[in-house]
Amino acid sequence: MTTLIKNAEVVDPERGTVKKSDLIIEKGNIAKILPRGDFDFKGPGLKTIDASGKLIVPGLVDMHVHLREPGHEYKETIVTGAMAGVAGGFTALACMPNTLPPNDCRSVTEFILERAKKAGLCRIYPVAAITIGQKGETLTEFGDLKKAGAKAVSDDGFPVINSEVMRRCLEYARYHGLTVISHSEDTALSKGGVMHEGDVSTRIGLAGIPAASEEIMVYREISLAGLTGCPVHIAHVSTAGAVELIRRAKEGNIPVTAETAPHYFSLDHRAVIGYDPNTKINPPLRTEKDIQEIKRGLAEGVIDAIATDHAPHSLLEKHIEFDKASFGIIGLETALALTLNLVREGVLKLPEAIKKLSYNPAHILGIEGGRLFEGARADLAIIDPDYEYVLEEKDINSKSRNTPFIGKPLKGRNDLTMIGGKIVWQRKR
Amino acid sequence: MNEFIHKDLLGMGDLSVGDITLILDTAESLKEISTRDIKKVPTLRGKSVVNYFFEPSTRTRTSFDIAAKRLSADTFSLTASGSSSVKGETLIDTAKNLQAMNPDIIVLRHPSTGAPHLLAKEISAGVINAGDGINEHPTQALLDMLTIRERKGRIEGLEIAIIGDISHSRVARSNIIGLTRMGAKVTVSGPPTMIPAYIELFGVKVVLNPAEAVKNKDVVMMLRIQLERQSNVLFPSLREYASFFGLTKEILKGAKKDVVVMHPGPINRGVEITSEVADGPRSVILDQVTNGVAVRMAVLYLLLGGYKE
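Each protein sequence line maps, in turn, to chains L and A. Using my numbering, the first residue of the first sequence is number 1, and each one after it goes up by one. Using my numbering, the first residue of the second sequence is number 1, and each one after it goes up by one.
Note that these hints are calculated values from the structure, not bench results. The model shown is predicted, which means the values in this text are computed figures rather than measured ones. Among these hints, one or two may not hold up.
As the list claims (entries may be wrong) - Listed below are several chain L residues computed to face chain A (Cβ distance under 8 Å; list not exhaustive):
(1) 205
(2) 208
(3) 275
(4) 317
(5) 320
Stated by the list, open to error - Sample of chain A residues with no beta-carbon within 10 Å of chain L, all distances over it, derived:
(6) 6
(7) 43
(8) 47
(9) 97
(10) 115
(11) 170
(12) 173
(13) 192
(14) 216
(15) 257
(16) 283
(17) 304
As the list claims (entries may be wrong) - Here are the simulated DSS-like pairs of lysine-lysine, each with C-alpha atoms no more than 30 Å apart in a straight line:
(18) L:20 with L:47
(19) L:191 with A:87
(20) A:96 with L:408
(21) L:289 with A:205
(22) A:121 with L:394
(23) A:96 with L:394
(24) L:191 with A:7
(25) A:7 with L:324
(26) L:408 with A:7
All C-beta atoms in this analysis are idealised placements derived from N, C-alpha and C, irrespective of residue type, glycine included.
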């Protein structure tokens, strides 16, 4: 069957262009990208999608999500997480290993991939644990995990404190072609903290997490990458100091890449006033100045990718006392709108913004995706960048509802997601 | 000005100058009840007050209990160990169950900052914060202010030093907010490990050395060193703390002649304050306790719909 998507503007992050084109999809691939109206089709079985006023973007790639399966299926499953993903315009998700049991061996990686296959929605790329049980002591079997389908390793949520272990991880992971993703946190310094340490934490009486607890570990990773020459990817950058460290590392040609999450350029620590546990995130929401520097880091290419750190939690973890609540918020269904804000603010051009949500994270993970060319796999999203709405709980496809953006006005949403030429999600009405 | 329209008392930040003055005035007029032979008025007859304490407390819990009873309210006490929280019930569930029995006020002490705020959102009874985490303890600040006003005739313009673990003290936070709002000039003091970031934004001065900090002060308020926090590497030893940050008679000489010394209790004699000072002529520590009952009577009375005449 042939599908024609017509009247759209095609955003090509690789070339940095936005062009009025029609797309012909055949056999799961993009067969042709033609100037508008140039398509002359004779014969039966043509499916036409009219995308007037919309944008076609490569399927978004989220390199940092928590799908909670196995072990915490009451918060999210691979099916519901993938559903939230495709609803948000994502066609690929890299899921973190802090499940129960953690993804520290081949059988868990295989289990995740089996579930993903059954779901038949997003492409799922498991991130395996760096150490067994995420205890920071013994490296997992990187080679075996890679063979099973893992694309990266990370001890997300339980950072590797031992610098010798991290050094060997970098060296060994490069040999197996695995990306190393660092959750950078000095846990002794952040211990007990529940929000950014600053004037707001002092004012509202919550224990603080200093920016230094992130920056110390970011510097360690950079230092180790310099020592070994092996690449490292810094997850969820939230502070101005971390941006500056990464900027200097890149200037010194140290192989480091970085991501931030939409909430780190959308909300500051004042959002915590009122003690809503849906503003409790690790790393925490920082200051206005940090937001400015993260935006500058994005604009200058210091920060390569935008990843959601989608972290579903149920009411059991979130409708309780702030300091007892779990860290994290969901993000798959708000990432696009929040990132498009950066385009409207003039921080990023549209193709650059999409690049940080697709091409760059795909490249860092070494997976296919983020490209629109004749012959490419037809993983794409049709988005309506100007659609304005107020996010409601009932709109959310994730199993969990823990986001501070419920009730907030958003602009821009995904209307249709196609994976391998198949429409996997389409907005009703 | 003399209307008090609040469902809850969660923090000093919610109270205007008028609110605070009204509470203090009300407390002053209710104080006399506690000196009568029959220490009871029927004002809150038929009202129910639940004291829900998740942390150990003698002074505050007893004070609320006595305050409510002197106004003829019925009181019920719950502690964490005696409540369903040990069976794993969440705070909100317990509170909703309590709410189903229609109390008028829940007085909550809880180790989590924001717990009373959470409760207040969930239930229709009034909530009084009797201490939440390291955040606030508003009735303590109010009783301190009443004590200061009694002794000094005013709060505005007074020079007040608060000395000790400012970072982890809900007494300090509530007092800083309340006293600065009422126009006092507040200086905070203590080891640098116990002074929180950006505390100057509250409009206070930071003078780390306590001898410097008490100079020319009208009021010196000492905070309790929480012995259980010692593992947090905030200071090396109690001995060292006492000799560098404790309030002694010598240090106090630098203050104004008519200085008053306060402490929220329970005091660690020989640590943050010497016995000589705690029991000395400048100490108003026991007046604070007496005023605690009056202030809590006033807060209960005003929250339950009473207006000043």
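| 10 Å cut-off, C-beta based - residue 43 (chain A) kept clear of every residue in chain L | Given that every Cβ of chain L is farther than 10 Å from that of residue 43 (chain A), nearest at about 33 Å, it holds.
| request: Sort out whether residue 87 (chain A) lies within 30 Å of residue 191 (chain L), counting only the CA atoms. | output: Satisfied, since the Cα-Cα distance of roughly 27 Å is no more than 30 Å.
| field | Hint check: 8 Å Cβ-Cβ cutoff, residue 205 (chain L) to chain A | value | Where the cut-off is 8 Å and the nearest Cβ of chain A is about 3 Å from residue 205 (chain L), the hint holds.
| Interface-negative label, residue 47 (chain A) against chain L, beta-carbon threshold 10 Å | 27 Å, holds
| query | Would you say residue 216 (chain A) is clear of chain L, with no C-beta pair closer than or equal to 10 Å? | reply | With a cut-off of 10 Å, residue 216 (chain A) remains clear of chain L, as the shortest Cβ separation is near 26 Å.
| query | Would the least Cβ to Cβ distance between residue 115 (chain A) and chain L come out above 10 Å? | reply | Residue 115 (chain A) not clear of chain L: closest Cβ-Cβ about 5 Å, inside 10 Å.
| said: Holds or violated: residue 408 (chain L) and residue 7 (chain A), Cα atoms, limit 30 Å. | reply: 27 Å, holds
| Going straight from one Cα to the other, do residue 96 (chain A) and residue 408 (chain L) come out at no more than 30 Å? | 28 Å, holds
| Distal placement of residue 304 (chain A) relative to chain L, Cβ over 10 Å | 25 Å, holds
| said: Tell me if the interface restraint on residue 208 (chain L) is satisfied: Cβ within less than 8 Å of some Cβ in chain A. | reply: Where the cut-off is 8 Å and the nearest Cβ of chain A is about 7 Å from residue 208 (chain L), the hint holds.
| Satisfaction of the residue 320 (chain L) interface hint, Cβ to chain A closer than 8 Å | Nearest chain A Cβ about 6 Å off; hint holds.
| Is residue 121 (chain A) close enough to residue 394 (chain L), meaning Cα to Cα at most 30 Å? | Roughly 22 Å separates the two Cα atoms, so the pair holds.
Checked against the numbered hints above, the structure violates hints 4, 10, 11, 12 and 24; every other hint is satisfied.
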